[in-house]
Every structure is written in structure tokens, then in C-alpha cells.
Amino acid sequence: MNRILALLPWLLALALLAVLPQVLTVKYYLHLSILALIWVIVAQGQNLIQGFTGYVSIVQAGFMGIGAYGSTLMGLNFQWPLWATMIMAPLITALFALATGYPSLRVKGHYFAIVTLAFNLIIVIVLVNYSELTKGEAGISNIPKPWGGNREAFYYLALVLAASLTLLAALIARSRVGEILLAIRQNEDLVAALGIAAWKYKLFAFVISAMYAGLGGALYAHFQGFINPEIFGVAQSLDAILAVILGGSGTIAGPAIGAFLVVFLPELLRFADSFRLILYGLILVLATIFMPIGIVGIAKAAFARIIRREVRHGG
Amino acid sequence: MSKHKFTRACAALALTLVAGSSLAAEKKLTVGVADALTGGGAVYGLPQANAVKMAAEEINAAGGIKAGPDIYKIDVIAYDDKANPTEATNAVRKLIDRDGVKYILGFCCSGSTSAVASFIGNEKAVMLVGNAAERSITTKKIPNLVRTRPPADYTGQAAGTFIARKGQKRIAVLGALDVGFYAQYVDSVEREIKKVGGEIIAREVFSLKDRDMTPQLTKIRGLNPDAILVVGYVEPAAFVYRQAVELGMNIPRYGFTSGSEEQFLRVTTSEQMEGVWDLRPTELTLLSASKNGVAYHANYTKKYNASPSPSSPYAYDQLYALKAAIEAAGTAENTEAVAKALRNLAVPPQVVMQYQPVDGKMFDVNGQAYTSNGAFQWQKGKWVFVEDLPSDSKAYSQFLSTLK
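One line per chain: the protein sequences are A and B, in this order.
All residue numbers for the first sequence refer to this note's numbering, where the first residue is 7 and numbers rise by one.
All residue numbers for the second sequence refer to this note's numbering, where the first residue is 637 and numbers rise by one.
Here chain A stands alone, though its shape is the one from the complex (with noise of 0.2 angstroms):
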């Protein structure tokens, strides 16, 4: 009974995203849906490494770029069906996880967060530099979309992988796997003196956090039919690392929600004009220091307050 009740507001969420094509009659809605189902995946990836590892990595948009250019690259140039290259995707960020990940994580604390940001800007350096392939600063644009570019189509193909992989998160969170990574996060010599080689761990955590941003990139490249350098900059990164901390680190529903709402809350706020960043600005910082457990964090703080009341009563 518990577990059916446990799943209920995750069933009344997935039923309320299945039908929202339906009901938005203003598609511009739907194109920031999409995006957020993107940002949810991308946000899963990062809390991976930062809410149940302990590592706060820096470089996640980076690995989106990776998967975005990897995806069209291998399109463009090989002409391969636009399936086989979104697959392909996360593998080929995995192998630059792996790369970046065993030196980085040699390193801890601040230092690892340092590490993380230079690689996101080493990354963005060659993307901009290594112009004869991905066409520098000016972009690749005539990204193959599928279906044609309906984007019903693609919000149902993004709300299926963002469930799927947010699923595979929770099982991640709850097998034998994610309790080391928590064990890391609390106390990362203890686990070592266990026994457990704690850095097989962390990298699994990197590379896995690393497949989830490539897959998103490749999906934000198919649905926008547009990539430069710049959208998988170091304040994109800022971006997935604010989504784990306002929805609420370290657990599964946190990333979802901070993910929509680093999408909507700067559009949502246009009608401030030029006062909008300065606005959201505040916003966030209002919320990192009120609310440093996140939305999930404090409705399950209320929740439990209001629980403790109904025993105290009715005993």
C-alpha cells in the first residue's frame, strides 16, 4: 500500500506530461516542455555525480556538446540514419568521460569542480577553433530533425527517454551501486578503509552522469536544428548544477523539477524586460540560501511535519 501511494505522485505527473500536447493550444509551451524534458535528463546525469556522489562537476554541458556534435557530425559526414547516431551519442561522450574522468577524479572537493570547469572550456575552445569540423562560432545549422520537426512527436520521444532514464536513476539511487556512492559522498575514507575501491565508483557515476548529458545534447541538436559553441558553455553547466540544487540534491524528483524550472522561470519572467536576469538572479539566490535542501527537500520536510501533527492528534 505504501509503494502504490510512494508512486502516485510520480504516476499523476507522467499522466499529467502524456496529455499536455493535448491541451496546450500555444505550441511555444510545448518547445519549452521539450526543452525542460531535455533539461531533465541532462539534470538526472548531473545529480548522478553531485547529489548522490558528492562531486559537484562542472563540465556537464560540455558532455552535451560532445553528444550534440557527435550526433551530427556522424550524420552529416557518414551519413548515418539519425537513429543509429543519437545511440551513438552517449557512447562517444562515455569515451571522453572516461578520458577526463580518471585524472579528474584523482582530485577532490573544490578541486575536482575546478578540474571539471577547465575541461568544459577546453571543450568549448575546440569546438570554436577547430572550425573545418564543426564550423566554429557560426554554428551548423539543417540539423536533420525526426519526423520532420513535429515536435508533438519529439515531446512524446523526450518525455519517454527523460521517464525512462529518471527510472534508471532511481534504480541506480537504489541498488547496491548508488549506496556506495552515498557511502562516498558521506564519508569517502571510510569507504576505502572498507575495502571498496572507491574511485570505480566515482567514475561510474562520471561517465554514466557524462552518457545522460551526451544523450540530451544530441536530442536539444535534433530538436533545435541548430548548434554553436556557445549553448554548451560553462554557464550551461551552472545551469544542470542550479537544476540539482533548487528541485533538491540527492534525489530523484529534485533534478526533474529544477530542470523545468530553469527553463520556464527566465522565460516566464519576460515581462520584467531588462530587469528579468536581475530578477532571476535574485530568485535563485533567494532560494539557494532559503531553501539549500530544494523543493523535493522541503515538501518532504512539510509533509512530515504535517504526519507527526495528524500521530500527535489522533494518539
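For the record, the hints were derived by calculation from the structure and aren't laboratory data.
Predicted model only: the values in this text are computed from it and were never measured.
We treat Cβ as the ideally placed atom computed from N, Cα and C, and that holds for glycine.
Among the clues, some could well be false.
Unchecked claim - Here are the computed distance ranges between Cβ atoms for each label pair: (1) B:Lys939 with A:Leu173: 52 to 62 angstroms; (2) A:Ile93 with B:Arg734: 27 to 37 angstroms; (3) B:Leu1039 with A:Gln85: 20 to 30 angstroms; (4) B:Val930 with A:Thr31: 45 to 55 angstroms; (5) B:Leu1039 with A:Phe281: 40 to 50 angstroms; (6) A:Val132 with B:Asp862: 28 to 38 angstroms; (7) A:Gly154 with B:Leu1039: 25 to 35 angstroms.
With chain A held as given, fit chain B onto it using these hints.
Structure of chain B alone, referenced to chain A:
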């Protein structure tokens, strides 16, 4: 004719006139602006958005746009795209999907413009690009896209000829060379100076947010160049000019920036700017301006309490071109007809920039307009138009047509 008959005839005539005029229903035409209103690109984007709003007020005051039996008064909605591709896509999607806008103007910056250009061909909308100078925007033959600003390499070719004529052989470049159109400008300059035995001896890069360019300048100084060429946004370019003087580099300074006096003087002094050349399209400066340009400068300054940036009329001219195209097409509803009319448009008399029509048309087959190019020099606190730069719009248009 009796007095009664005459009165009745007059009344009938008056009635006909009133009925006739009431047939010309007044409607609202909403045009959208997607541009960088905040961030680094705002030095170009904000004046562009202001220019469109000003043009709309002028057109409305003069009676609006006549399209067949209808008269349209213009309403402008402007959204910030931060010069970011994703933001630009979101802004344009909002304009088209939510606000029902069919005509989208502005577009100061190349990355964000290219993102929108990649899907605008599938929309029942017309996109008019302003200051964004990346060449590829008009090489894709998108039928519902036109651009008022010429591509950077069109201007670079003319600039190279000018520098070559000045006799400097060893040129050091410092600029935002990771931005495609600046690199294209420099490549064109290099091609021209090579023809007279000149060379580019250094290509140093700054990013658009950099403010300390002394390391690059110190390196360049060590190479002993005959001149430096600075390509980039206004602020970093202003820092280069200032720091070159502070480092004692007493050599000619050429640039491609399109900044106003006011924008440069926020960073540097007039003395430090003295003698700097800006080799760019013949954009707005009071000394080069036509009668329209003088009026535009005065009206803009009065309305916004600031001088217009030299490139802002690209956006102002967009709205007058759109007005003429809608009137020629006789409809504002049919965007295909308006897009076609834009391609066949003669240069409207109200525009500010000095366009060089190709085969008598403002926009060529690629949807590209060409202005003349000019050499401007900073003299005693002002950009002074010194001379026209040789530019062959027809030859360039043919070259552009060969690109994919």
C-alpha cells in the same frame, strides 16, 4: 442645376467619400523584435530595438501601412535574446506561437540569428536581420529572410584595399577571431594586402569579455608591426586602443567595430582615440549622414536621450522596407507575398543607410542588402567620414550566390 439638386449632389458625394474611407478598415499589425537587450550584445541590440520602435511611431503618425483596402497601425513587441541561440529560439517561438507575430525584426548578433534562421524557412513568417554579419546567414537561400547589413567579408575586402593603399605592409591583428565573421573580415583584408606584398604578422585573440589586452599588445609590440588591426565588439576594442597608447605604440590603428563616440568614450579618452580608423559599412555618423540620417540622429537622440549607435539604422530601415513590401504586396496577411515583394523592392526613400542596389533592388536574390563602405577616422572627439571604400556589390552578390 437648381440649388436643391446641387445640395443633394454634394451630400451624395460626401456620403460616398465617408463610406469609401470607412471601407479602409484600420487594423493592428504586430511586429516582433528579437534582439540582445541585455548582456554583451546589448550595445548593438538595444539601439536596434529602439530604432524599430521609433520607426513604428513615425509610420503610425504618418498614417500607417496601406495594404489593399486596409490600413495598419504598427505595434512592436521586443524580447531579449541575450545574443544566445537557445534564448533567441525561445523568443522567436514565443513571438510566432503565442503572440501570433508574422514579421520579426532586430537580430544584432550572428549566433542567435543563425539559430533562428535554421528554422524560419518552415514558418509562415518573415525574418529581417539587422546587424548580424555572419556570411552564412544569407547563403542558404531562405525565401522569407532578408538582411540589411552586408556580410563582414564584403567590408573586409574594401578595408584591405584601403590599408594596402596606405602602404603599411606588416599588419598585426588583435580581435575576437573566434567569432566567425570577424575572422572572415580579417581573411578578406589579408587577401587584399597580400596583393601588394603585405602580410599579417600576428593574429592575437581576445574574448568579448576581456578587458586587459596588454599581454597581446606587448607581444605585438615586440614584432614591430607597421599597423594594428582591431576587430571586435566596442568595449574590448576601446580597451585595445587605450592600452596601445599606454604602451607607447605610435603606429596606425585600424579597426572594425561600429561603435559610437559615446560608447568609446565610456572606456577611453578622445586623445587616446585620436587618429584611429574604423573601416566599416557607411553607417551612421553625422558627417556621413544623408538628410534622413541627420533627422534620424536628431529624433533618436531626442527620444532616448542618447546618441544612436552607428549600426542601429539597419533595424530602422528594416521596418521601412517591410512597410514598402506590404504595400507592394497589397497584403499583410500573406507572408509569402510580402517575402516575395521584399526581394523585388527598390530602396525605399525613408531609409537611413546608403544602400547599393543590385539590379535596382534593395535585396539581391540571396535576400542580402549592400551598403557602401567607408573609412572613418576619429578626429577631435568625433568619427569623421573621410572617404568611400571601393565596394562592388554586384560582384559580391554573384560570389554569395555561389556559396552554400
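Output the numbers, in ascending order, of every earlier hint that fails for this structure. Every hint satisfied by this model.
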